[in-house]
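Visitor: Keeping their order, the protein sequence lines are chains C and A.
If you're matching positions, the first sequence starts at 1 in the numbering used here and goes up one per residue.
If you're matching positions, the second sequence starts at 1 in the numbering used here and goes up one per residue.
It should be emphasised that the hints constitute simulated quantities derived from the structure, not laboratory data.
The beta-carbon is built from N, C-alpha and C at its ideal position, and this holds for glycine as well.
One thing to keep in mind: the hints can contain errors.
Unchecked claim - Listing some non-contacts, in silico: residues in chain C with all C-beta distances to chain A over 10 Å: (1) Ser33; (2) Gly37; (3) Tyr106; (4) Gly250; (5) Ile274; (6) Arg293.
Said to hold, decoys possible - Here are the simulated lysine-lysine pairs, DSS-like style, with alpha carbons at most 30 Å apart: (7) Lys106/A <-> Lys199/A; (8) Lys16/C <-> Lys73/C; (9) Lys183/A <-> Lys106/A; (10) Lys23/C <-> Lys154/A; (11) Lys267/C <-> Lys320/C; (12) Lys267/C <-> Lys185/C; (13) Lys185/C <-> Lys130/C; (14) Lys82/C <-> Lys199/A; (15) Lys183/A <-> Lys82/C; (16) Lys82/C <-> Lys16/C; (17) Lys267/C <-> Lys251/C; (18) Lys183/A <-> Lys73/C.
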Amino acid sequence: MNATNKSAGASIDIRKASKRYGKFVALRDLDLSIRPGEFMTLLGPSGSGKTTTLNLIAGFTEVSSGSLEIGGKSVLGLPSHKRNIGVVFQHYALFPHMSVGRNVAYPLTLRGISGAEREGKVRHALDMVKMADFAHRYPNELSGGQQQRVALARALVFDPPLLLMDEPLGALDKKLREWLQLEIKRIHRELGTTFVYVTHDQEEALVLSDRIAVFNGGQVEQIGTGRELYDNPATLFVGRFIGESTVLRGKADIVGGDTVVSIAGTKIVASGKISGQAAPVILLRPERAVLHRPGTGVVDGENRLSGIVEEAIYVGSGSKYDIRLKDGTTAVVRSPLGAPEFAIGDTAEIVFRPGDVTLLADDASADITLT
Amino acid sequence: MSALPQTDNQTAGERAAARRLNLRDAGWLAAPAVLLLAAVLVYPLAIIVLRSFTEPEPGLQNYIWFFGSSVNMAVLQRTFVLSGWVTLASLICAYPYAYAMTVVGKNLRLILILCVLVPFWLSGVVRTLAWVILLQDSGVINSFLRGLGLSPVKLIRTQLGVVIGMTQVLLPFMILPIYSVMKGIDTRLLQAARSLGAKPWRAFLQIYVPLSLPGIYAGAIIVFILSLGFYITPALLGGPRSTMLSSLVQNQVLSLLNWGRGGAMGVVLLVATFILLAIAAPLMRQKHTQTRREK
Numbered sequence: 001m002n003a004t005n006k007s008a009g010a011s012i013d014i015r016k017a018s019k020r021y022g023k024f025v026a027l028r029d030l031d032l033s034i035r036p037g038e039f040m041t042l043l044g045p046s047g048s049g050k051t052t053t054l055n056l057i058a059g060f061t062e063v064s065s066g067s068l069e070i071g072g073k074s075v076l077g078l079p080s081h082k083r084n085i086g087v088v089f090q091h092y093a094l095f096p097h098m099s100v101g102r103n104v105a106y107p108l109t110l111r112g113i114s115g116a117e118r119e120g121k122v123r124h125a126l127d128m129v130k131m132a133d134f135a136h137r138y139p140n141e142l143s144g145g146q147q148q149r150v151a152l153a154r155a156l157v158f159d160p161p162l163l164l165m166d167e168p169l170g171a172l173d174k175k176l177r178e179w180l181q182l183e184i185k186r187i188h189r190e191l192g193t194t195f196v197y198v199t200h201d202q203e204e205a206l207v208l209s210d211r212i213a214v215f216n217g218g219q220v221e222q223i224g225t226g227r228e229l230y231d232n233p234a235t236l237f238v239g240r241f242i243g244e245s246t247v248l249r250g251k252a253d254i255v256g257g258d259t260v261v262s263i264a265g266t267k268i269v270a271s272g273k274i275s276g277q278a279a280p281v282i283l284l285r286p287e288r289a290v291l292h293r294p295g296t297g298v299v300d301g302e303n304r305l306s307g308i309v310e311e312a313i314y315v316g317s318g319s320k321y322d323i324r325l326k327d328g329t330t331a332v333v334r335s336p337l338g339a340p341e342f343a344i345g346d347t348a349e350i351v352f353r354p355g356d357v358t359l360l361a362d363d364a365s366a367d368i369t370l371t
Numbered sequence: 001m002s003a004l005p006q007t008d009n010q011t012a013g014e015r016a017a018a019r020r021l022n023l024r025d026a027g028w029l030a031a032p033a034v035l036l037l038a039a040v041l042v043y044p045l046a047i048i049v050l051r052s053f054t055e056p057e058p059g060l061q062n063y064i065w066f067f068g069s070s071v072n073m074a075v076l077q078r079t080f081v082l083s084g085w086v087t088l089a090s091l092i093c094a095y096p097y098a099y100a101m102t103v104v105g106k107n108l109r110l111i112l113i114l115c116v117l118v119p120f121w122l123s124g125v126v127r128t129l130a131w132v133i134l135l136q137d138s139g140v141i142n143s144f145l146r147g148l149g150l151s152p153v154k155l156i157r158t159q160l161g162v163v164i165g166m167t168q169v170l171l172p173f174m175i176l177p178i179y180s181v182m183k184g185i186d187t188r189l190l191q192a193a194r195s196l197g198a199k200p201w202r203a204f205l206q207i208y209v210p211l212s213l214p215g216i217y218a219g220a221i222i223v224f225i226l227s228l229g230f231y232i233t234p235a236l237l238g239g240p241r242s243t244m245l246s247s248l249v250q251n252q253v254l255s256l257l258n259w260g261r262g263g264a265m266g267v268v269l270l271v272a273t274f275i276l277l278a279i280a281a282p283l284m285r286q287k288h289t290q291t292r293r294e295k
């Protein structure tokens with residue numbers, strides 16, 4: 001498992017896949033392509049279909065309709081034990097009656113590998129997750145983080161072309177989670193295996209992934225790199241789910257190719273316009289705006305929105321402010337070190353250029369799903 | 001790569017140790033049961049042991065008589081063999097039944113539990129008499145066989161009849177411990193085993209069955225020990241060739257009023273049971289077979 005014996009990862013192609021449980025539709029017409037060797041994260045709130053998708057790939061459930069190919073071959077109807085896919089579960093799923101070493105050796109035994117070859121592979125896999133000294137321990141003698149590392153070794157020891165992980169760090173505390181994220185990233189780099197990772201934690205998705213598929217209501221809303229999703233969200237849901245943002249709503253008009261939205265009596269200009277019938281809303285990222293004292297530093301063409309500072313938090317690299325606008329909306333602004341500082345109760349003006357915001361179609365369901 | 005952060009979680013073993021009370025704090029919780037056992041079990045037992053060595057006169061003559069009689073030895077051996085068969089038959093019936101109880105829906109599970117418990121609430125005599133009706137030469141089973149044109153089978157007053165009756169009476173003692181262990185087994189482990197390449201039956205045999213072993217051991221020991229001392233069912237369903245030790249004890253104590261010999265037989269059975277428990281105890285104390293569903 002070093003650079004020389006990189007196993008080729010498998011590709012995944014899901015076309016028009018639907019999964020229904022009685023009347024409940026868990027997935028509707030899902031299309032998802034994952035490239036060989038890619039680290040793909042399925043991100044979304046609970047009930048959005050991401051775990052269902054993982055279970056379909058693993059063979060724990062079957063599609064109601066649609067197609068599913070792994071490495072270019074259809075796996076419909078193929079039971080999970082014939083798919084040769086590593087799976088890591090949130091609940092570790094180590095066999096409590098087997099030592100760490102026997103747990104990791106189990107998939108090799110099933111494949112008829114024994115003796116020195118098996119010993120070598122087990123040792124190698126445990127080395128990879130830094131658990132080689134624990135081979136004789138039993139799972140209930142290990143902490144959650146240690147158990148999950150053993151589970152990772154067990155899922156990779158038979159060199160599967162594809163590894164699925166279902167919220168593997170969900171039960172661990174923050175420090176451990178961050179450390180294991182880096183470990184998982186390192187192992188992915190070393191192996192070249194395709195990783196499919198399910199999480200509801202957008203920060204985790206940004207740390208780990210080559211690409212992220214954002215799930216909502218049984219469908220993929222957008223697939224892209226973290227940067228693409230953050231800078232150019234395709235839907236209001238994606239914009240709100242990835243990173244912090246402020247959504248500005250008001251009566252909108254098109255003026256000379258740009259969109260003008262009236263917010264709390266102030267006209268705000270956003271570059272471009274959206275297609276379709278839905279009302280446009282403005283998505284503002286916290287670091288794309290700066291705060292000025294009323295009437296200072298006025299530059300022609302910049303938007304200015306006045307509000308009262310509701311919360312001011314020093315975060316080391318600068319300050320984070322919650323600004324309450326006249327229409328009741330709370331806007332989030334991050335200002336860098338050296339920018340003017342404000343206290344709670346001060347009046348401040350949020351200043352941003354028309355090109356610094358994203359125009360999106362309004363979607364009330366995005367609010368419901370996220371709160 | 002960075003080192004493991006210090007804020008790692010406790011292991012399950014450490015958490016269990018923190019919960020444990022010491023004997024001095026918890027001992028009084030057991031006091032009522034201990035007092036009752038002392039009064040109704042330890043005291044009479046001590047008397048029986050004493051009389052087996054002192055009646056009709058002090059010495060080992062009761063034990064010399066017991067081990068010197070080929071009839072007694074044959075009955076002792078038969079008692080163990082029949083108890084073994086009853087244990088095996090109970091296990092074969094109980095294991096799939098207990099498994100079914102863990103996989104069915106809530107309502108069906110309630111029905112299955114009732115099916116175990118209702119006969120439990122009926123007296124053993126009633127159930128054994130029911131078996132007499134079923135098993136006798138002109139009984140339901142043989143009428144059925146005759147109806148099919150098959151030759152009738154001798155069931156009543158045979159060892160087979162005794163095993164059938166005792167298995168039915170003792171079945172709940174096998175089902176309940178196995179079920180209680182099985183319902184704590186995380187079936188998602190089977191899914192994990194399949195993802196690692198195990199065929200469903202192999203995952204069941206290599207993961208599920210080993211995890212259910214504590215229940216099997218507990219049920220088997222309870223059923224075996226209860227079988228050793230069983231009286232009513234072998235007495236009513238059995239014949240002269242299926243007499244068990246308890247019938248001999250009854251004969252000595254109640255018919256011949258020979259408390260010394262009856263006591264000696266009881267002591268032999270008790271010692272044999274203790275030896276068996278000593279052999280089985282290490283099997284039951286498997287340290288790592290405990291599994292609990294999280295959430």
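Visitor: If a hint holds in the structure, say so; if it doesn't, say that too.
Guide: Verification of the supplied hints:
Taking the minimum C-beta to C-beta distance to chain A, about 23 Å, the non-interface status of Ser33/C holds against the 10 Å cut. With a least beta-carbon separation of about 21 Å from chain A, Gly37/C lies farther than 10 Å from that chain, consistent with its non-interface assignment. Non-interface status of Tyr106/C relative to chain A is broken: a Cβ of that chain comes within 10 Å, the nearest being about 6 Å off. For Gly250/C, the non-interface assignment is confirmed: its Cβ lies about 44 Å from the closest Cβ of chain A, beyond the 10 Å cut-off.
Interface exclusion of Ile274/C from chain A stands, the closest Cβ pair being 43 Å apart, more than 10 Å. The Cβ of Arg293/C sits about 43 Å from the closest Cβ of chain A, beyond the 10 Å cut-off, so the non-interface label holds. Between Lys106/A and Lys199/A, the direct Cα distance comes to roughly 28 Å. Compliance with the 30 Å bound is thereby established for this hinted pair. This hinted pair checks out: Lys16/C and Lys73/C have alpha carbons roughly 16 Å apart, not beyond 30 Å.
Taking the CA atoms of Lys183/A and Lys106/A, the gap is near 13 Å; set against the 30 Å cutoff, the hint holds. Note on Lys23/C and Lys154/A: the hinted pairing is violated, with a Cα-Cα distance of about 57 Å set against a maximum of 30 Å. Taking the CA atoms of Lys267/C and Lys320/C, the gap is about 25 Å. The hint holds against a cut of 30 Å. Of the supplied pair hints, the one linking Lys267/C and Lys185/C is violated, its CA atoms being roughly 46 Å apart against a limit of 30 Å.
Between the alpha carbons of Lys185/C and Lys130/C the distance comes to roughly 14 Å, so the proposed pair stays at or under 30 Å and holds. Taken as a hint, the Lys82/C and Lys199/A pair is honoured in the structure, with Cα atoms around 8 Å apart against an allowance of 30 Å. For the suggested pair Lys183/A and Lys82/C, the alpha carbons sit about 28 Å apart, so the restraint of at most 30 Å is met. With a CA separation close to 24 Å, the supplied pair Lys82/C and Lys16/C stays within the 30 Å bound.
A hinted pair counts as satisfied when its Cα atoms are at most 30 Å apart, and Lys267/C with Lys251/C qualifies at roughly 10 Å. With a C-alpha separation of about 39 Å, the suggested pair Lys183/A and Lys73/C falls outside the 30 Å cut-off, and the hint is violated.
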